[in-house]
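Engineer: If you read the protein sequences in the order shown, they are chains A and B. In terms of this note's numbering, the first sequence is residues 1 to 808. In terms of this note's numbering, the second sequence is residues 1001 to 1239.
I should point out that these hints are in silico values taken from the structure, not numbers from a laboratory. The C-beta atom is built at its ideal place from N, Cα and C for all residues, glycine as well. Warning: the hint list may mix true and false statements.
To be verified - Pair by pair, the computed Cβ-Cβ distance ranges are:
| # | chain 1 | residue 1 | chain 2 | residue 2 | range |
| --- | --- | --- | --- | --- | --- |
| 1 | A | Thr-263 | B | Lys-1151 | 54 to 62 Å |
| 2 | B | Arg-1036 | A | Pro-425 | 48 to 56 Å |
| 3 | A | Gly-727 | B | Val-1059 | 14 to 22 Å |
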Amino acid sequence: MTNHWIDIKNSDCILIMGSNAAENHPISFKYVIEAQQKGATLISVDPRFTRTSSKADMYSPLRSGTDIAFLGGMIKYIIDNQLYHQEYVANYTNATFIVGKKFKFKDGLFSGFDAKNRKYDKSQWAFDMDKNGVPKMDRSLKNSRSVLQLLKKHFNRYNTKLVSQITGTPEKDLKKIYKTYAETGKVGKAGTIMYAMGWTQHTVGTQNIRTMAIIQLLLGNMGMAGGGVNALRGESNVQGSTDHCLLWHIWPGYLKTPRSSNTSLAAYNKKWTPASKDPLSANWWQNYPKYSVSMLKSFFGDNADASNDFGYSWLPKVDDGKAYSWLDLFDVMYNGEIKGFFAWGQNPACSGANANKNRQAMAKLDWMVNTNLFENETGAFWKGPGVDPTKVKTEVFFLPACVSVEKDGSITNSGRWMQWRYQGPKPLGNSLPDGQIIMNLGNKIKELYAAQPGAFKEPIANLKWDYLSNGEYNAHMVAKEINGYFLKDVTVRGKDFKAGTLVPSFAFLLADGSTSSGNWLYCNSYTEKGNMAARRGQKDAPNNIGLYPEFSWCWPVNRRIIYNRASVDPKGQPWDNANWVIRWTGKKWEGDVPDGGWPPLLSADGKPNPKSKHAFIMRKHGHAQIFGPGRADGPFPEHYEPLECPVERNYMSKQRMNPTAPVYGGTADDWATCDPRYPYVATTYRVVEHWQTGVMTRYQPYLLEMQPQMFVEMSKELARLKDIRNGERVMVSSLRGKVEATALVTARFKPFKLGKLTVHQVGLPWHFGWIKPLSGMEESANLLTPNTGDANTRIPETKAFMVNVTKA
Amino acid sequence: MSMSFLVDTTLCTACRGCQVACKQWHDLPAEETTNRGSYQNPADLSFDTYKLVRMKEEVIDGQMRWLFFPDQCRHCLEPPCQDTAGDESAIFTDASSGAVIYTANTKGFDAAEITESCPYNIPRKGPDGTLAKCDMCLDRVQNGLQPACVKTCPTGAMNFGTREAMLSLGNRHLAEAKKKFPKAQLLDPGDVRVIFLTGFDPNYYHENAIASGGSFDVTRQVALRRMLRPLTGLISQLL
């Protein structure tokens, strides 16, 4: 979330699309309802009428996988009716930038497409630069090559008639929702978006969110209280694990995983440190080397110094142009190229797209270590349905982990709040905290390398691994390491610091090896003042908008609403005086921690202030990106159909699906679009009663009582067509698998009218698996889902695919 | 002190935290259920289920509505069940809160008669004939805590406090609800301690949302029992 949970109460209009917050983030509704009671409008857009929809002031359906068409229509509406926040757009976004002549868009493809390799030459999307190397801009927004004019042209095709034909949303609903949401473009109004996996898990997932980000920028909603782009994270610590590099393509704090072509630390830092020639651009990432070196010092301690590139060569590199995402890992595992697998706190036999392939892939392993609270379908894959245990060679080890309340540590919630948790009861039986398990494992591996040195022992031998006190894992020691230490007596920014003290914030990190920080983004979380995440102060900030700056800690540097420099006009005065986030007193900023302490762009007398910086400090050029030339699939979003869809062609262009989305070609990767055998659109989701693959909830009798069985929701019309009665067991099948489920026939699902075509959609939860309930008849919806994914992130497309439904 | 609930169904998201919290606090067993083609489960209140979020799908004035009704005992000001039982060792009203409490002594009664006397069809019979229902979490309330269902509610749908406070809160919520739902109403506020607020005609939510027959008319049987009560009390003392 750019904002945070409590801040939802400050919104004037809440769009819940691509998520079902009432069911999957039930506590969020405390703030949604508070906003409604203050007059906010709640809009719910979902293929199915949900518990979220039940509380909405407006509801409208859309076919799964058509969000860009829906939102693209809104962009057109906003521009055609000039409802955008002119001053905000002109000053804070790259709508003013002039795009080079090479950029073109034709027949659904942007210029620079390489069909053979399914990728774009992004250099064709570059901005025109002036003689100083700064992007050319037209603050009047009239230049025909300005981003705003190109945006207008791009989305001009997205008229409500065509959008409705794609999405199945009635035209009158489109117009009503566009009008209502666009009203937040008025100065002083703020609209927010609450989205989750309903937007990300598509071949166009990143661009779904880009489309909304463009809307939020046009309407001046970024940085505002009650605004922002808010990703509702699906687990209590997904935000934290992402910040700390759960994913393959990043190091902690969103540093880049080095490529094999980054042959030295200097080459790596040069490659990933952006340079701006604009004196008004803070270009915060220019500090990149301070963060990468401090991280290496944190990893390797005294063993890392300038003479050995701070141990840079000891860390693994990824091959240029190669992906190592979830889908790719299971693909190579399926092909027998992986020997061992740690399944740590996860259940890919049920949670991963095309779960049959994942289950088969596990049988190709020599060994698997399953670390979890309970045995799950992953650790037990060798005795699962249709598997002969005598034919499986994989040796499986189970390491019992204790539950969250049995250990110390922090979690970082969706709103970026790092919150410390104390240990309650001691771990049960022989279960251990994850930290203890990984420490023991690391120590054992270090012992083995010391006893019988193998090839390339340096990464293991040199690893700083000292987070035990009295033999026990100490979460505080890790938290301090993540924050970082001064390693020598140094003077930084005019202040003296002693070796061994904690670094007060990332502004004091250095690139010469005299500081450490496991994750620069968390530098400021555990300082000489104490454990900031453990704070529980109840006092609000002076603006009284629910920031509660003394409760827990929030990255970066306790800034509760990021991009907040855009919540004020160029003189530093709030667009919204009632719910102001920061404001310039003439001498300093007050309110939230500002996005950089520089003075406003204009002085009180209206003169440009050369000491100022542009509002979006994390962008190279200081402006938010309406035009995003870094994305794999285009600088503007474009509607493409999912890998599997119910229409013969994309009504928007000749290009049916995202041309850069990964498609796998093995025998286990079957897919088919517009196949009469699989005529119905399907989507997957969660219910409030269960969590993820259900490993923690299927064992809870009270939760199983409420949601005891796998079900498939369908319209009354489809049930009539297939002669299916409500409550009877049916079979749902795709090219990749089949799942038995109880038919839940409901008026909350309606067939979609796509022009003259009628399309039915069904939906299934993915909480079940054969281990529990004991009948073994309740299975995962991911046996059906396809293993394709987003062109940028490669998150699987489990939210839109094609199935058949028949009587069981 | 006379206590009451306000249950504002216009704010309920059917997260069913209340349903689980109730079972957890009372240590009630989960029921073996199946999906019957509905999210609502169990199907009905039972000896082991005192709180149940009822779910109804209705199209009202051309608009899809999913109506949630977190059903429970209303703790009537003049409980017909208590009158029907006529034995305060089995069913009595706790003076400190107004909670209508069932004891193990309900075992000897004609369960059907007690349940039928309830205008909201709440009490349920156990295997041995004992009756059970919501007890207002009397143990919590007497220790200054909110009932478990109220404590767990994230949206402000479930509220608890003095009767005076809840009546006043009810009127405020009603005025607010009427802005969106012109037919919003408080259900039987003068007769019960668990006051529901619905956005639409209560019959859409549940057949027993309001008192059956629409009033608290005393049945002939209950009237007779009331007349006889001093006498039965006297007899029991003699015995």
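Engineer: None of the hints should be skipped; say for each whether it holds.
Structural biologist: Quick rundown of the hints versus the structure:
| no. | hint | in the structure |
| --- | --- | --- |
| 1 | Thr-263(A) x Lys-1151(B): 54 to 62 Å | holds (60 Å) |
| 2 | Arg-1036(B) x Pro-425(A): 48 to 56 Å | violated (37 Å) |
| 3 | Gly-727(A) x Val-1059(B): 14 to 22 Å | holds (21 Å) |
Hint check: a violation occurs at hint 2 only; the rest are consistent with the structure.
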